[in-house]
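All chains should be modelled from the sequences, with the hints used to inform the complete structure.
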Amino acid sequence: MGKITGFLEYEREVEQYDAVDNRLKNYKEFTIPMDEKALKNQGARCMDCGIPFCHSGCPLGNLIPDFNDNVYKGKWKEAAKILHSTNNFPEFTGRLCPAPCEEACVLGINEDPVTIENIEKNIAETAFKEGWITANPPQTRTGKSVAVIGSGPSGLAAAQQLNRAGHLVTVFERDAKVGGLLRYGIPDFKMEKHVIDRRIAVLEEEGIIFKTNTHIGVDVDASALKEEFDAIVLCGGATVRRGMPVKGADLKGVHQAMDFLKQNNKRVDGITEFDEVLTAKDKNVIVIGGGDTGSDCIGTSNRHGAKSVVNFEILAKPTTGRPAEQPWPYWPMRLRTSSSHKEGVERFFSISTKEFLGDKNGHLTGLVTTEVEWVFKPGQRPELKEIPNTEKTWDCELALLALGFTGAEKTIAEQLGIDMDFRTNIQASTKDYATNVPGVFAAGDMRRGQSLIVWAISEGRQAAHHVDTYLMGYSDLPLKDDNDLPRV
Amino acid sequence: MLKKQGMYLPEFEHDNCGAGFICSLKGIKSNDIIHKALEILEKLEHRGAVSADGRTGDGAGILIDIPHDFFVTNCKFKLPEAGNYAVSNVFLPKKINQQVYSIGILEKHIKEQGLKVIGWRDVPLDESVLGEIAAKTQPAVKQIFVGKEDDAQDEFQFNLKIFIARKKAEHEIYSSKLSESSYFYLPSLSTKILIYKGLLVPEDIKLFYKDLNDPLFVTRLALVHQRFSTNTFPTWDLAQPFRYMCHNGEINTLRGNVARMFSRQELMESKWFGSEIKNILPIVLPGKSDSASMDMVVELLIMTGRSLPEVMMMLVPEAWEKNPDMSEAKKAFYEFNSCLMEPWDGPASIPFTDGTYIGAVLDRNGLRPSRYTVTKDGYVIMSSETGVIEIEPKNIEHHGRLEPGKMFLVNMNEGRIVNDEEIKENIASKHPYKKWLDDNLVHLRNIPYNDCPVFFNEENLTKRQVIFGYTEEDINTIILPMAKSAYEPIGSMGTDTPIAVLSEKPQLIYNYFKQLFAQVTNPPLDGIREELITDISLTLGGDTNIFDVNEKHARKLKIKNPVISKQDLDKIKSFTKNGFKATSISILYDVKRGHNGLEEALENVLDAVSKAIDEGTNIVILSDRDVNKDKAPIPALLACSFVNSALRTLGKRSKVSLIVESAEPREVHHFALLFGYGASAINPYMVNEIIEDKINEFDATIDAEKAVENYNKAVGKGILKVMNKIGISTLNSYRGSQLFECIGINTNVVNKYFPNTATRIQGIGLHEIEKEINKRYSNAFKEREIAADLDLEVGGQYRWRRNGEAHMFNPLTIAKLQESVRDNKPSSYKEYSDLVNNQAKQLMTIRGLFEFTNYDPISIDEVEPWTNIVKRFKTGAMSYGSISKEAHENLAIAMNRIGGKSNSGEGGEDEERFYKDANGDWKNSAIKQVASGRFGVTSNYLTNASEIQIKMAQGAKPGEGGQLPGPKVDPSIAKTRNSTPYVGLISPPPHHDIYSIEDLSQLIYDLKSANRDARINVKLVSEVGVGTVAAGVAKAKADVVLISGHDGGTGASPLTSLKHAGLPWELGLAEAQQTLVMNNLRNRIVVECDGQLKTGRDVAIACLLGAEEFGFATAPLVASGCIMMRVCHLNTCPVGIATQNPDLRKKFKGQPEHVVNFMYFVAQELREIMAQLGFRTVNEMVGQVQKLNRNKTINHYKALGIDLSPILYQIPVKKGTVLHNTEQQDHQLEKALDFKIINQAHPAIFRKEKIVLDSKINNMDRAFGAILSNEISKIYGAQGLPENTLKVNFTGSAGQSFGAFSTNGLTLVVSGNTNDYLGKGLSGAKLIVKVPEEATIVPEDNVIIGNVALYGATSGEIYINGKAGERFCVRNSGAKAVVEGIGDHGCEYMTGGIAVILGEVGRNFGAGMSGGVAYIYDCKTTFKKQCNLEGLNLDPVTEPADISILKGLIENHYNYTLSPQAQRILEKWETELPKFIKVLPEEYRQALIRLEKENLITL
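The listed protein sequences correspond, in order, to chains A and B. In this text, residue positions in the first sequence follow numbering that gives the first Met the number 0: the first is 0, and each later residue adds one. In this text, residue positions in the second sequence follow numbering that gives the first Met the number 0: the first is 0, and each later residue adds one.
None of these hints come from the bench; they were simulated from the model. Take these hints with a grain of salt, some might be off.
In silico DSSO-like pairs for lysine-lysine, Cα to Cα no more than 30 Å straight-line [as the list claims (entries may be wrong)]:
#: 1; chain 1: B; residue 1: 504; chain 2: A; residue 2: 76
#: 2; chain 1: B; residue 1: 205; chain 2: B; residue 2: 1148
#: 3; chain 1: A; residue 1: 2; chain 2: B; residue 2: 915
#: 4; chain 1: B; residue 1: 1419; chain 2: B; residue 2: 1492
#: 5; chain 1: B; residue 1: 840; chain 2: A; residue 2: 479
#: 6; chain 1: B; residue 1: 330; chain 2: A; residue 2: 143
#: 7; chain 1: B; residue 1: 321; chain 2: B; residue 2: 1474
#: 8; chain 1: B; residue 1: 781; chain 2: B; residue 2: 840
#: 9; chain 1: B; residue 1: 693; chain 2: A; residue 2: 76
#: 10; chain 1: B; residue 1: 330; chain 2: B; residue 2: 628
#: 11; chain 1: B; residue 1: 967; chain 2: B; residue 2: 915
#: 12; chain 1: B; residue 1: 693; chain 2: A; residue 2: 36
#: 13; chain 1: B; residue 1: 840; chain 2: A; residue 2: 376
#: 14; chain 1: A; residue 1: 479; chain 2: B; residue 2: 967
#: 15; chain 1: A; residue 1: 316; chain 2: B; residue 2: 824
#: 16; chain 1: B; residue 1: 176; chain 2: A; residue 2: 80
#: 17; chain 1: B; residue 1: 176; chain 2: B; residue 2: 110
#: 18; chain 1: A; residue 1: 74; chain 2: B; residue 2: 77
#: 19; chain 1: B; residue 1: 693; chain 2: A; residue 2: 128
#: 20; chain 1: A; residue 1: 316; chain 2: B; residue 2: 1146
#: 21; chain 1: B; residue 1: 191; chain 2: B; residue 2: 3
#: 22; chain 1: B; residue 1: 1247; chain 2: A; residue 2: 479
#: 23; chain 1: B; residue 1: 781; chain 2: A; residue 2: 76
#: 24; chain 1: A; residue 1: 409; chain 2: A; residue 2: 143
#: 25; chain 1: B; residue 1: 693; chain 2: A; residue 2: 72
#: 26; chain 1: A; residue 1: 225; chain 2: A; residue 2: 80
#: 27; chain 1: B; residue 1: 565; chain 2: A; residue 2: 2
#: 28; chain 1: B; residue 1: 176; chain 2: B; residue 2: 77
#: 29; chain 1: B; residue 1: 1213; chain 2: B; residue 2: 1235
#: 30; chain 1: B; residue 1: 1148; chain 2: A; residue 2: 316
#: 31; chain 1: A; residue 1: 72; chain 2: B; residue 2: 967
#: 32; chain 1: B; residue 1: 1230; chain 2: A; residue 2: 72
#: 33; chain 1: A; residue 1: 225; chain 2: A; residue 2: 479
#: 34; chain 1: A; residue 1: 76; chain 2: B; residue 2: 705
#: 35; chain 1: B; residue 1: 551; chain 2: A; residue 2: 143
#: 36; chain 1: A; residue 1: 80; chain 2: B; residue 2: 628
#: 37; chain 1: A; residue 1: 72; chain 2: B; residue 2: 1474
#: 38; chain 1: A; residue 1: 76; chain 2: B; residue 2: 462
Put into structure tokens, the structure is as follows:
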């Protein structure tokens, strides 16, 4: 499998990006596709491990060595088949996943890991291009119906799996279009939206019903669904945003990153009417929060034509290599530099915002920060300490808060009488994804809290199996084993 | 005999022996012959063994002519003329009443046959000489004299009647309920010969049987034998000789032979026996030894009118199948007889006699030594060793040896030796065998394929693959690679998946069976390099009456490779000529009816087969074609084995051959099982279809037909390997031999469907078997097909895969272990060990089923410190070569730091590592391994060991050798292995100096001589019977016995071996412990255990089951950075462990601390368990099985049936018996001749002064030179002494291993002859063996040294003024040798050095020879056809450098030995030189060229 000596012959090679100047001009994806030969060589680097740790690193349990081998051999169709057997939407993960598989890649112990994610994306794209991705509706229908609330990656995955098992699935989406965070959180330069549309078309053709602009809990009482459907799967995401309760946070110009990104995504989609236009053009932009959402704000701001873009992260600057306490094959917290970062930003770490400053009109003009340090004591949570005399004032007309999410919204839970856990996620265990209310299940961020797309898909698939079991008494839907690598 | 208890099964006892005979060609009778013969035994005493009581031998005896005059004088009744009566010793019950009863029955049957009981004589005995054990089982001994019906009765008729009478008496008494019925036994009952035998050591025979000392007690011939059984429960009746033969060796095929003998009884008819024939059955009494069983068959065949030599030819045919030089008539004789009798195969030297002929045959491999001497005064002496009777050199007429497959025969009436050719041609010309074959035998390849395809209307391929449990892995890892390359795929590292009965995945029934393999008691074989001895063809069709000798026997269908294609099967189905009738019987069952349906269907299959046989079918095809939604397949193995055994019970087995047409078999193991349980041909049609479907995707260059052929070929080769593992050469004798152990199926199922298979811990029944089929079935016929799911499961047997089969080492356990040892983090180790130990959740191992019990907690502070405990820890034997220098040294440093032991593996070790580093670290491996390749095994290497391990088998591939391909042998590896860079190195499957237990005893003696301070450790692999072997090893005086689990690692092994050979150590260890305790041998020997030991809990369980030392290999490697890539065989290890690639080696990041931390963690975990259980020391804990219990919370449906009580069985012992090692073995080295020489050689040894000494030597002086060289190595290291510093001139016959490991500076000369293993491991000395001056023999016609000379020699010179036996220069890697003729397999596996052969060369010369040069004096131009030409260049000697080397060596030879042959050649050098052929392996030539280039570059 793979080429036995491939890893000794070929260097890691990933897709190159279009030049920054060019790509900032629009919102298109800017990767330059690799030719087949180069991709095959990358597949050849896969070492046919006795223990493919990538398998465990991937929350989906993707059969990575198997599809790498097929790519190496030019058997794309076979590769696509293998890939789709564990992953409903490789075109999403192939673009957006931070690739824990690559962190767990055996080659990564002492070399650059195999470019698993890029291979994944190319398999998916080839499959679409060649027309291999076609609707495959179930042969028989069970007569059971399932409501899936939320059309993000976990909802879509659950829906497709349950539909494959023969159930009639209806997906409810409160926004105008299907996709959830995929559509409204992810900027087009990371994933153009037709990628979602073409997949949704397949799902529709397979028989899944999508009801958009239907906000369960608001437009429709969730308990009404209980009457109508044999089972409900809650995949509404972890949408409650973390705020920043400091002085001046209500100033005009201080915005939640999600609002900023969502509006921009709609704009790219052709919508022009907004109550309040959020733009970074000619502004000093400070993005608070060093995660992926923050990074997306940076890329978007630069495309808007911001005057300057600065990024704050309250945590200490991580190392570029693996921290000693997070050895291979675990997922390491390390400094990650995204394509957006490379488009122009100044990043600051160990910095905390003390106060937003505004003018008399209530418009943001700047903010005040202080440097912080983290004090670690054994057995205790690390403590944040401000460093005296490090206060600094920044000019800023647009501050974007990318601070993460604190949990799921409570509406549906309340309407259905579902317990939530202490982190305000829907309470359901990975044993069966069932809530305390019979017939109601939860998956994705709504259950586990904010996480990765790949986890969302995984949860949707796993939950589907248990929903199927609930409905039928047994299930033919696949289930992954519990060999996920733990976090350290 | 001891009864079955715990893990011990008595049927796995083994024996090996010393044997010999002496006879007077002139027919002179004397009492002296008896004493001479007994002297043979006494001189062979080192080949026997003594029990724990110090007195009881394993049995010895003597067979002689009937001393008529003695009886006339000593009997109180009148005897008829000599030859007109039969006499025998009779072993009788001790109790008088039972004695009387038995005598009555015997007399009744004698009289019933119309014969007369002339009288009884009490045999005078001296019972005081018996050992304690022998005395307990001693029978009463009387002699019976039986007279003819009348004087006119001819001898054959008289013998027939005696035979019938004896057999009937035996049956009646054995089936009676007499408490002492088993005492009854007649060693013989013959008109010609008489046997005295018993549970005696040789020197006691004549003391016990006083008759033997009477001057009137005379004979012309005497056949003697002594037994070395692996344990101490031999019995009186199993002492040898038997009635017609005795036997040194082992019949591996016994079980199949006996089973088929039983089937043959169905057809037996004889005009001579008439209706009595039923009464003598069974021919082979159950529960007897291999030799005893064979003797009973010999006896029967003689009653068919065949002569004794003919019978021996039938049973032990020479390797005729691939011999182009054999006469057609003889070949036809053998081929004809192969249709009615399969070879009784195994290492065997079988002396036999019927009083008229006395002789011996040797097995086709020539694996037992048999030397003979003819004297000028008319005696022939044959024995396992030469020199057993002192003969004046001038009295010697001829020294010879028995050759592989050849017969040595003396006709006592004619007073002459009949040569092999004469006797065999004579026998072969008795009938027109060739014509019979031509007229009757059909070859499958000759049946035309006239478009006779059979079509099936079947479910689609994918669905059927799911039904039969195919995985992606099966197809991509096993089937397609085999179809492409025609070889079985190779893998590496140990298996760590659960055994079948503990697996969550539905398992094919094959996976519940493990292949048995040879270790110690007989050698595995090398079917690749010794292919000409092997054969996998089979004949199909019904058998006929063995009493008849006619052409009907040849009405068979012959198949060259019984793994056949669909087309072949179609041909068979439609072939109806010559009386062939094939009938297909469906083996499907009604899946809805579940377990009952399966059980009933099996009965129906049997009925259908039985009915078909009644209707004249002689080929039954068991077919699982046409499965569908309602009909599921019966496992083909289950059906095949059931039909095979049930037909035997029905008395119909011999009328039919079974063909299996099944979708099931895909791995070599599956095929091996089907053949092993009775199939004669197999068509794996599903594999054929898969190949047709997929091969072009896999490799576009192969067409499907060729690919199927490749696959079948690969399976054929694989089966050969499986057979070879247990030492069997032909499929004909492997078929039906059931050489498997079952693990995890209960006795009910095994007894009914797989009778006579060992299954020791019970397990699933038919219900669960059906459940597993059903699971696969419901996967195939799912109610809902889920889109996007893969059709087949991934597998994950060979490589871990998510959702695949579970592995103990998986991402989580490896991550945790590495984290813990790198950061010295006990919490992570705890997580790791919990994951590994938490077996209740995930059933993985047998030890997982245990829990600790009988707690008696003490404070952990009272438990001995971890620093003590780790001294018992060892790392596994991994050679430098299989792993990198860095990884190898890392382990050594770590283990030396904590006082544990690392193991060199079989690759030698660089001398630099013997000295400590400046920082105090020491890279020396405490354990030096001696494996079959003997790489780098020199005196100095052995001297620097604190333990020497003899690797008999390796868990990952027991019964197999290994191979280090040339490219991996870089200059530094070549240096440590004493070989040539870039020349591939082969480790043969067997140690060529261990074909039996007595040989092991010899090697232990050799190694102990080479380093008296080192413990000798014998590594065995767990399998049924390993306890018996361990007992034998203890008696052979090993200091340590290691029981390895089947799951140990390897650098490369065929996948079949990784998975299907060997058993978990829990079974082997428990069996070894129990058997050693039972034998009162446990205190003599240290017991060690290894095989995927990973945690302190594992160690605790091993300890409680009987181990006191513990080995770890995979885990410390993982601690050093190994991530189980399983590419060790590919040299691409990405973490620098199992690779020699310099770039990859740089990636090695392991530290000694990591390994130390691991050992520390394990020891600490063990201490915690010890504290809980109340043990302060490991010694207290060893063998305390009462602290273990079955974990009752485990209730998985498959695990429920497992019965662990045999493992937890405690042998009842006297109070205070220790269960661990307390005593040292007595090696008796103080008697060694070396010490006498050393005493006289101080000036040479200590001051390097040249001296010359003279000494006598005899065959009991073994391994001379090893102790002496050890002393020299201690002082001077590998360098030794300057050339010729100490010269010793010996006269006489040197014992085995003369000159073993002899080092530089020694010149050892023997005037006389020597035995086997001359110059073993030669390390620089010069050895000279020459014909004594006063002898008149022609040296080049006489055999003066034994077999296997220069095995593993690394340097030195040897000159032999005469011929050598088999396997001369085997694995020589540096010594120079001159000899005047050699036997078969010369220069096998040679990798360096020079062999000059000035005479005849046997067959298969140079097989596996990858290096060195041989010069053959081919004056009869026969060499080319004797040579295994693969990879060898044969050229004239023309280069001046060659000429000068060759001439120089011949000149030396002449100077040292005065060889007339050398003299003749040198005198006519110009005319003789062109007759020399230079044999140069191509690989070696290439390496030399490469080295030359590299040298040029460096210059």
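task = Return the numbers of the hints above that this structure violates; sort them in rising order.
result = 2, 3, 4, 6, 10, 13, 14, 16, 18, 21, 22, 26, 27, 28, 29, 32, 35 and 37
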